[in-house]
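Protein chains in written order, with the working numbering: chain A, 2 to 492; chain B, 5 to 133.
The hints are simulated quantities; they were obtained by calculation from the structure and are not laboratory data.
Please read these numbers as outputs of a predicted model, since none were measured by experiment.
Possibly wrong hints are sitting among the right ones.
No farther apart than 25 Å at their CA atoms in a straight line, the calculated lysine-lysine pairs in the BS3-like style are these [unchecked claim]:
{"hint": "1", "chain 1": "A", "residue 1": "Lys467", "chain 2": "A", "residue 2": "Lys481"}
{"hint": "2", "chain 1": "B", "residue 1": "Lys23", "chain 2": "A", "residue 2": "Lys201"}
{"hint": "3", "chain 1": "B", "residue 1": "Lys129", "chain 2": "A", "residue 2": "Lys384"}
{"hint": "4", "chain 1": "A", "residue 1": "Lys403", "chain 2": "A", "residue 2": "Lys466"}
{"hint": "5", "chain 1": "A", "residue 1": "Lys172", "chain 2": "B", "residue 2": "Lys56"}
{"hint": "6", "chain 1": "B", "residue 1": "Lys129", "chain 2": "A", "residue 2": "Lys403"}
The residues making up each chain are set out below.
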Amino acid sequence: MSTPGATGLILEEGLLFEQSVPGRIGFSLPAPDVPETDPKTKLSKNILRQKEAALPEISEVDSVRHFVRLSQQNYCKDAGLFPLGSCTMKYNPKTTEAAARISGFANSHPLASPEAMQGNLKLIYELQNYLAEISGMDFVTPWPAAGSHGELTGMLMIRAYHTAKGNPRKKVIIPDSAHGTNPASAAICQYDVVTLPSNKDGILTADAVKAVMDDNVAALMVTNPNTLGIFEENIQEICEIVHKKGGLVYCDGANLNALLGIVKLGEAGIDVLHFNLHKTFSTPHGGGGPGAGPVGVKKKLEPFLPTPLIIKENGTFKVERERPQSIGRVKAYFGNFGMLVRAYAYIREFGPQGLRHISEMAVLNSNYIRKGLEGAYHLPYSKPSLHECVFSDKFQKEKEIKTLDISKRLMDYGFHPFTIYFPLIVHGAMMIEPTESEPKASLDQFIEAMQKIAKECEENPELVKKAPHNTFRSRLDEVKAARELKLRWTV
Amino acid sequence: MEFPDDLKYTKEHEWVRVKGDTATMGVSDYAQEQLGDIVYLELPEEGEEIEKGEPFGVVESVKAVSDIYGALTGKVVEINDPLTDNPETINEDCYEEGWLIRVKIANPKEMEDLMDAAQYQAYIKEETA
Ligand SMILES: Cc1ncc(COP(=O)(O)O)c(C=O)c1O
């Protein structure tokens, strides 16, 4: 079998500023049919530019080629395997893209009256219910614009809940196998973070929680499945311990892709849970946004849900804009509505059986890779993993080859590297998440490439240390790039 | 990797050099190697109080951002100011030029919790096993 890496015709491309030719223009406008006005005569001086804006002057062809060439230097899921662990880079079906472009959705105005947007409101209302049903939560707010924004929203609700009881409490317990955004979200809500080590199997034990749980703990924040791809199997017992002391349990549900139709975390006792629609329900990741990170809560947190709330009354949908104990708005208008449309279409297209099948295939694919690479790479945790698997560079270190080198070499074979150096509890982590989108042939190619690299590490370590060799650019000086940030083009 | 015998070490991979009632602190050779190329450093101000086991600064490498923890409680009397402009010095010379802060020791008893070079090396071995 062969792997897809090959050198192709990828073209150099300079900055638009460098291509600028004075007077060149990319459009033509008809002669104005109203008298031209000089802005200087109409606008006050303090809002007028003193100097001409130094914009590049280029033709239409120049600009089209510029962006096409840049896009060809890029790599995307539509081109091949993108096994970034923790990111769930699944293929985005074109049907959901088409749904988001339906004119009634795409062209609706966020300030239209509720009567004029009944369809949109119905879609959001039903999506909330689907997410609640999938997760076993009672209510869902769809507004947060990212997973981390969902965490912030969830923690604000937890704070409001405790405050309403008379004491916001001081601490949030977070295991070291939680996602990195979790402690940040708790800290922004003014909680002290207590880090709890996971055990030798990579999970949290009930005893460890019991030892630190007291009535100053507002919540335990746990990622499940955790960042090692391992299911926190003690979750039910842990929830009982936290609840006994009056605390709440926040679950980072961003890894839900492993559990659809199989586990309802709400039934295990979780009080607040966020979803990453861009990880689980196949909305685009879009370079950091726009994303969507809805949050599910149990009944006792309902009064604190962010506004607006969508209420169904006698078959019509209403927008409730105020609620006395609500934490208020977390996002303008109706969140990233286009993402909600895509997730809705995805859920409706697959249905309950289909969603379960997605998770089963995601877990199967990950375990297929795990099995295929066992022995060639060190597996720091032997406990069964779900949708992603984490290896380390321990075996290759003997030849002084690091995770970074291996990931660079992988590009020569035509694959996007996996997530490296995360989670932090594994030294030299290689975190691989193929998702359900990959056919077996592509998994086999990936395994073959990784096996070849393991062999190269033994037989020709320099080849790996100097990789990549076939890519458009060889190894970049990442240190210099970080130390000497240049964020602005100057002549 | 080097671990000078005249220094004491913490489980969070800081080193301490005690002279009279002041302690100089930095990160160990193991820590700088694990971090990889360091690109950014944040230190406390002179006069600030730092606490044993609590973060007093931040190092950022191309791999990750990490807190630096106080090895002992005390008041910061001097910081290695030039280091924030040249954080790569920590990679090059973590025990001499790459020192981070000097602290007036508040509680000498805390020194009993520090490890010597042999104990620290054994600790690293255990941690990476
Ligand atoms: C487990 C987990 N939690 C939280 C997040 C944060 O989500 P976002 O990047 O949308 O803010 C991620 C992102 O990948 C994640 O994997």
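A quick look at each hint next to the structure:
Restraint check: the Cα-Cα separation between Lys467(A) and Lys481(A) comes to about 17 Å, which is no more than 25 Å; the hinted pair holds. Between Lys23(B) and Lys201(A) the alpha-carbon distance is near 39 Å, which puts this suggested pair outside the 25 Å criterion. Taken as a hint, the Lys129(B) and Lys384(A) pair is honoured in the structure, with Cα atoms around 23 Å apart against an allowance of 25 Å. A C-alpha spacing of about 8 Å is found between Lys403(A) and Lys466(A), which places the hinted pair at or below 25 Å, so the restraint holds.
Pair hint Lys172(A) plus Lys56(B) holds up; C-alpha atoms about 19 Å apart against a cutoff of 25 Å. Restraint check: the Cα-Cα separation between Lys129(B) and Lys403(A) comes to about 18 Å, which is no more than 25 Å; the hinted pair holds.
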